[in-house]
Amino acid sequence: MTTMTNETQPNKLTPEEQAKREGLRVRKPYVAAKLAAISEMEERGEISPIIRLEKSYLCNFQCTHCSAEYYMDRHQKKVFKIEDARRKIDLDDIRELSRQADELGLARFVITGGEPLVMKDFDAVVEAIDPDKHYIITDTNGWFLDLATAKHLKSIGVEKVQLSLDSMIEAEHDAFRNKPGSYKKVMRAIEASVEAGLNLLLSTVLVKGRAKSSEFLEMCKFATERNIGLYVSYAKPTGSCTDHPEFVIEKEDADILRELEKDYNVFTHMTPSYGSFKGCITVKGIITVTSTFEVTPCPYIDFSLGNLRETPLKEVLARGMRNPWLGPYRPDCIIGEDPQFIKLHTEKTKGVTQLPVPWGQGFSDSDTLIG
Amino acid sequence: MNLNDLTSPFDEHGRCLPIGLGAPALAQSRRYFQITPPQIDYAAIHARTTKHLGDTGLASDEFVRRCEALMQSLRDDPQTTNITRGIAVPFLLPQAEHADYGEALEQHYIPAVEHAFAKTFPQYRFTNHDKAGLSGKLSVAANSRHERLLQAMQQGPVVGYYFPCLSEYSLPAALERVQSLPEQFLMAGGYDTSAALVGTPGLLQRTDGYPPLLWLAAVQADKPLAGYFYEAYGYNLTFNRRPHFGQAAEYWNSGLTVLG
Ligand code: SF4
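As you go down the protein sequences, you meet chains A and B in turn. Residue 370, in numbering that gives the first Met the number 0, is where the first sequence stops; the numbers in between run on with no holes. Residue 259, in numbering that gives the first Met the number 0, is where the second sequence stops; the numbers in between run on with no holes.
Misleading hints may appear alongside valid ones.
Covered stretches of chain A, as calculated for chain B (at least 3 residues, CB under 8 Å) [to be verified]:
#, segment
1, 33-45
2, 323-336
A few chain B positions that, by computed beta-carbon distances, are all more than 12 Å from chain A [as the list claims (entries may be wrong)]:
#, residue
3, E11
4, E67
5, L69
6, G101
7, S138
8, P181
9, D207
Going by beta-carbon spacing under 10 Å, a handful of chain A positions derived as facing chain B [unchecked claim]:
#, residue
10, A253
11, L256
12, G370
Bear in mind the hints are in silico, worked out from the structure with no lab data behind them. We treat Cβ as the ideally placed atom computed from N, Cα and C, and that holds for glycine.
Only chain B is shown next, with the shape it has when bound in the complex:
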């Protein structure tokens, strides 16, 4: 099948279809590793973001209005409507410009996830297993479109939706796929994925099965075969690094971000 033959690049569960790719991705999913759809509470997301990532200067009702307008426009377009049937997590990022991606992620965004998680689930734990540090190690992956998020952040607070819909893709396949998607889709990286978890800290909590691992696919590590990710460990949340070998795994998700 060719991409142009499809009405939508997303299936009825919101999965971005891995069609026409050179890099590995599982053609069909048995939907074994799943995220339980979170209850979206815009006010709580706005409050958590303000508390843990800093005041964005954007009023809560304005955040809601922009989120809903974004989702509506995706729903209204037959090409993109299916993505709204999958897991969709609104997020908010304060205006910021960072000279060192890794340093900012390590010192600001990951601790914000930790604090939001600790506040919401005091009985569980967030652990950053990456003891080697991120400073000077991360860059924006080529062709990820992620620099557009960074540009938007420089100009003001950013409202967006995070969709962990590139399920069962290798990282190279995820990057390949984003290039053939409509222009509004950006590959998710460290700041947006973290912001989604700050707003919705229980995203990867699941008691009846295992949620997938979330790669920060828009972020290029210092070694070509390594990457960084958030992952549940039981009821706990972790951040870590590992080699991905350019392999596809049923357990691996990368995310798309749409800005609103």
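Just chain A, with the same shape it has in the complex:
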């Protein structure tokens, strides 16, 4: 699963969305207050990244563009012939992460993976994060998301699902996901999520040239007509895509998408939203906590900023913010568009069997943009 979100729907709030926000204020006042405080935090120079939590990489799919493939046990066993002996996170670790995040004013968790809905302890993970303290989102490929599951998710405190849809052409989606029948399941999951009252976001990966296609335009129309946000992430030269450099987009693709944002409910996490520009959101808007408690600045960057068993979240975030690649504001995607960073990342991850590359070996406090 490769999606991420910044919980920003850039196009104006519809009355329906406004009602949902009001509902959250009534049901979860503490969470609503934290979300409302984010822009003030940003004005003070503080950050409030979304935490993507990768507790497990188990997945029932094998997608062509998966950013997590190299973290998966199946990949390590099959390709590297190794078992990952590193200590994995447990529910106590998640409780501690939730506590530290709350202390820093962070308000949003995305449960991702792998496919979260195959996790046997999914409900326990939600409880450990604590839905009364944090806004909880789950990624899903939709395979298991029928109405009963959607209602269950809502009942345990999940607020939103992010559903992957890779093409409006059924055969193409299924081929990309290497899973016949998956397109139909996504369509079912859309209905189920709406009926269960979950917030819903469709997410899709933009590969080179797709922005110009009639299929992509159709997807934009599909989402807009249903009043669902379509979140787009760019294919990056990492994970499974390392073998598909032809997927990596060019500025032209990004610019075409920027034009489509004017007419459709489509956006990336770099879309201007609520009057502010986010640009690349590494650390400032997103972090990923891996199954070994490492923190990476973006799902596609396999360099750690530290391990939460050794370093408190506060310091890990500070490391990220003082790093010249990650901290300063920039409008482009460093791992998807900046050739120098892509080269650096490719070189330093090459042959590494256990990702992410630890703090000090990938990123460090002596990083510079030059040479």
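Put chain B with the ligand on the given structure of chain A with help from the hints.
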């Protein structure tokens, strides 16, 4: 290195060198965020300014003469010649006196940029994302020398050149730097940067890479860590506010203005 050891405070690309500063600025640039050198069409700049900012009363040939004389004098001085190798945008401002900087920027200068942009690029869009409004919020930053532009505007139409050459500086570093530059260099703010974009609306248009963001560094916002800027979004142009944290970023440029 000391400032006095340098023949020119600008490098061969026109970048103002960040030397001897206390506030953050990137010492070296990898020149990743760049502006494509614009075609300077003085007559078109004069016409656009007249249309969107108002008649300056200055004839087009007089505008050209003053612009060229200004550039020539910069070229002739070994200390300043390098700045002319970088991005240089002529502009024209009508005589004006404004009681409220923010209000004038919001009601007059930003809409002029919007109209000039719309006229030149009807297929794209200008967006002012700052919905909170500027009235009563802006003042001239201390030590920016920007008040000299305001004084000149009170006396008559102003001809000048805008140089977005303080690249990869934090805002405090940009302000620090301007104080050690020769007297003719002023920090660019809202009116001059807007006028440069009225005259040359495609300044931040780029298809093969990303242009930098342009801070209005001579303008102090109501909060010490916030600032205002123009920025491209794809082929579109935007105006916005954000906190700058006193940080340096590869993507950030501030500008210098020289009056002629
Ligand atoms: S590098 Fe930045 S823009 Fe690219 S995917 Fe990561 S957070 Fe997003």
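Going through the hints against the structure:
no.: 1; hint: 33-45; result: holds (count 4)
no.: 2; hint: 323-336; result: holds (count 7)
no.: 3; hint: E11; result: holds (17 Å)
no.: 4; hint: E67; result: holds (34 Å)
no.: 5; hint: L69; result: holds (32 Å)
no.: 6; hint: G101; result: holds (16 Å)
no.: 7; hint: S138; result: holds (18 Å)
no.: 8; hint: P181; result: holds (28 Å)
no.: 9; hint: D207; result: violated (7 Å)
no.: 10; hint: A253; result: holds (7 Å)
no.: 11; hint: L256; result: holds (8 Å)
no.: 12; hint: G370; result: holds (9 Å)
Checked against the numbered hints above, the structure breaks only hint 9 and satisfies the rest.
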